[in-house]
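Chains A and B supply the protein sequences, listed in that same order. For what it's worth, numbering that gives the first Met the number 0 labels the leading residue of the first sequence as 0, then goes sequentially. For what it's worth, numbering that gives the first Met the number 0 labels the leading residue of the second sequence as 0, then goes sequentially.
These aren't lab readings, by the way, just hints derived from the structure by calculation. Honestly, I wouldn't trust all of these hints.
Claimed, not checked - What follows is a set of in silico ranges between Cβ atoms, one per label pair, in the way DEER data are often shown:
id	chain 1	residue 1	chain 2	residue 2	range
1	B	Phe218	A	Asn38	38 to 48 Å
2	B	Glu228	A	Leu19	14 to 24 Å
3	B	Glu228	A	Phe219	33 to 43 Å
Everything numeric in this text was worked out from a predicted model, so none of it was measured. Every residue, glycine too, gets a C-beta built ideally from N, C-alpha and C.
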Amino acid sequence: MKSPYVPELAIIEDIVEETLANDVKTFRVVFSNEDTRRNFSYRPGQFAEVSVFGLGEAPISITSSPTQVGYLEFAVKKAGVLTTALHQAEKGDCIGVRGPYGNVFPVEIMEGKHLVFIAGGIGLAPLRSLFNYCIDPAHRSQYQTVTMLYGARSPGDLVFKWELEKWGARPDLVQYVTVDRGDGQWPGRVGFVPAMLMDVRPSPEDTVAITCGPPIMIKFVLQNLEQLGFAPEQIVTTLEMRMKCGIGKCGRCNIGSQYVCLDGPVFTYAQLRHMPKEY
Amino acid sequence: MVGFIPEAELDRVLARLAGPYRLYVPVSCAGRVELGEWSPGIRPVLEGRAYGTAKQLFLPRSEELFAFGTHPDGTPRVVQPERDRRPLALFGLRPCDARAIGMLDQVFLGQDPPDDPYRERRQGALLMGLVCSRPGRACFCAQVGGSPAGTAGLDLLFTRIGGGFCVEAVSTAGEAHAAQEDWPAATAAQVAGAREIQQAAAPAAMATPGLAQELEARFEDEVWARLHEKCLGCAACTFFCPTCHCFDVMDAGSYDHGTRLRCWDSCMFPKFTLHASGHNPRLSGKERMRQRVMHKFCYYPLRFGPEACVGCGRCIEVCPVNLDIRAVLAELGGSE
Numbered sequence: 000m001k002s003p004y005v006p007e008l009a010i011i012e013d014i015v016e017e018t019l020a021n022d023v024k025t026f027r028v029v030f031s032n033e034d035t036r037r038n039f040s041y042r043p044g045q046f047a048e049v050s051v052f053g054l055g056e057a058p059i060s061i062t063s064s065p066t067q068v069g070y071l072e073f074a075v076k077k078a079g080v081l082t083t084a085l086h087q088a089e090k091g092d093c094i095g096v097r098g099p100y101g102n103v104f105p106v107e108i109m110e111g112k113h114l115v116f117i118a119g120g121i122g123l124a125p126l127r128s129l130f131n132y133c134i135d136p137a138h139r140s141q142y143q144t145v146t147m148l149y150g151a152r153s154p155g156d157l158v159f160k161w162e163l164e165k166w167g168a169r170p171d172l173v174q175y176v177t178v179d180r181g182d183g184q185w186p187g188r189v190g191f192v193p194a195m196l197m198d199v200r201p202s203p204e205d206t207v208a209i210t211c212g213p214p215i216m217i218k219f220v221l222q223n224l225e226q227l228g229f230a231p232e233q234i235v236t237t238l239e240m241r242m243k244c245g246i247g248k249c250g251r252c253n254i255g256s257q258y259v260c261l262d263g264p265v266f267t268y269a270q271l272r273h274m275p276k277e278y
Numbered sequence: 000m001v002g003f004i005p006e007a008e009l010d011r012v013l014a015r016l017a018g019p020y021r022l023y024v025p026v027s028c029a030g031r032v033e034l035g036e037w038s039p040g041i042r043p044v045l046e047g048r049a050y051g052t053a054k055q056l057f058l059p060r061s062e063e064l065f066a067f068g069t070h071p072d073g074t075p076r077v078v079q080p081e082r083d084r085r086p087l088a089l090f091g092l093r094p095c096d097a098r099a100i101g102m103l104d105q106v107f108l109g110q111d112p113p114d115d116p117y118r119e120r121r122q123g124a125l126l127m128g129l130v131c132s133r134p135g136r137a138c139f140c141a142q143v144g145g146s147p148a149g150t151a152g153l154d155l156l157f158t159r160i161g162g163g164f165c166v167e168a169v170s171t172a173g174e175a176h177a178a179q180e181d182w183p184a185a186t187a188a189q190v191a192g193a194r195e196i197q198q199a200a201a202p203a204a205m206a207t208p209g210l211a212q213e214l215e216a217r218f219e220d221e222v223w224a225r226l227h228e229k230c231l232g233c234a235a236c237t238f239f240c241p242t243c244h245c246f247d248v249m250d251a252g253s254y255d256h257g258t259r260l261r262c263w264d265s266c267m268f269p270k271f272t273l274h275a276s277g278h279n280p281r282l283s284g285k286e287r288m289r290q291r292v293m294h295k296f297c298y299y300p301l302r303f304g305p306e307a308c309v310g311c312g313r314c315i316e317v318c319p320v321n322l323d324i325r326a327v328l329a330e331l332g333g334s335e
């Protein structure tokens, strides 16, 4: 029997440099084993443990959507040992992937609702899986309006720019993008994401808000959503935590009695409010 | 049925086990009792409890999860290690330590997916417990729902009486083994002697109902700021705890020739929860001490039922600054 700790081998098929500072790259990977390629099934919100052999592994959210068949995408910010090694990888290199792990965004609860996505920086990566899932022709009709509010520190820090353009061009989607600071050429909005949220003022009626970003952004987004009348049950977020095993054994990703790897990473604000503030 | 094994027969009983099983017994090792592999001539220590825990037999301090290397064309290959497939047998296990293994089972086997390396060791293991006739100075099993004659997690329970051991099967696997061994039945007097020892050993149990719920509400309590003050963060308590099971996963070697290892880790270390971004949800000793205590007496019970403490007292004995978990519990309003 195969140990859950043994990863599947996967080849890096494509690498996209997302940011001006080149600190975020998106890796498109394909499993070497044909059966794995066919059978690896995941849902929006889940993550995988990504290995660079010789250096270890790290939990990374799957940023591709299950509607994109045949490959996985991971958007990785260069931060620690493992992600730095990943950033040195080239097309054709082999990495390890095991998963998928964690719970999923409550897509069924979202059905029939307006969706408001609120993301900051690399926080767009986990939301992108859900966003692309919901706007896929196979699912789009199950949701009412779909709005994306996205921001980053500077224009150069916006990730998935090519896709933001694509989304922005779709008549059935609404998109607002802001940056904390412009760069002289930035024609768009300047300001923080929580402030933009108060300008856009989405109605809480029949709406689910999905948010991910730096902790400080999430803190003010939650406050502002409540001010707009969103109930804690209508707000969904996804957390990150240091973890090793991804399967509820290694004992480090808990927040109170909840394991982020098993019970999360997706939590509603209603759940979070009952959890210790230790994340 | 209660069987009886005369003391002189024990050696032969162990010898029969040592073939099909990897048999561990308490042995004297540099003046301390440790669990060691039995071989002919080794006499198990029947007093006191082992300095180290039995968890290391199922969750070793460090183990290889797999090896990796490259094929001649440079592509990686992954090889799972070959392990000794003989099941483990433990003789002379104290009821507290057996109970702790049951708690590890909940985490490693009870939650999907099961932990394969743990399962391989745990499957078919025969746990033979020995009733404690005299509690140690740091023992407090009865305060956390255990008993010196407890049977939780065990297959066979041995009670040492004059001249030998009364043996009782306390699980299906234990019954199967007892049937196979066909020990002669203990006399009524021997059984009565065993019962007397079992009852005498058990102090009045002091359960702590509702402690988990109570602690959950005390996450922000000021008590935590005080409790951790003398803790050095050395993590000895966690390494010697039979229910602590946190581990780290790391690679040794390089891309073309290496191994992925898991090693015991501890929530008492500052880097345990350090994110790559630099953010750390448990920044100071206060948060880390709270995590250790809460995990045992609040988080684990909320998830699995019992408190993740079996009262073996090892953390009390090994702490370099005499932090006593019993005093911590008393301060928190639990048992004393």
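- Against which earlier hints does the structure fall short, listed by number upward? 2
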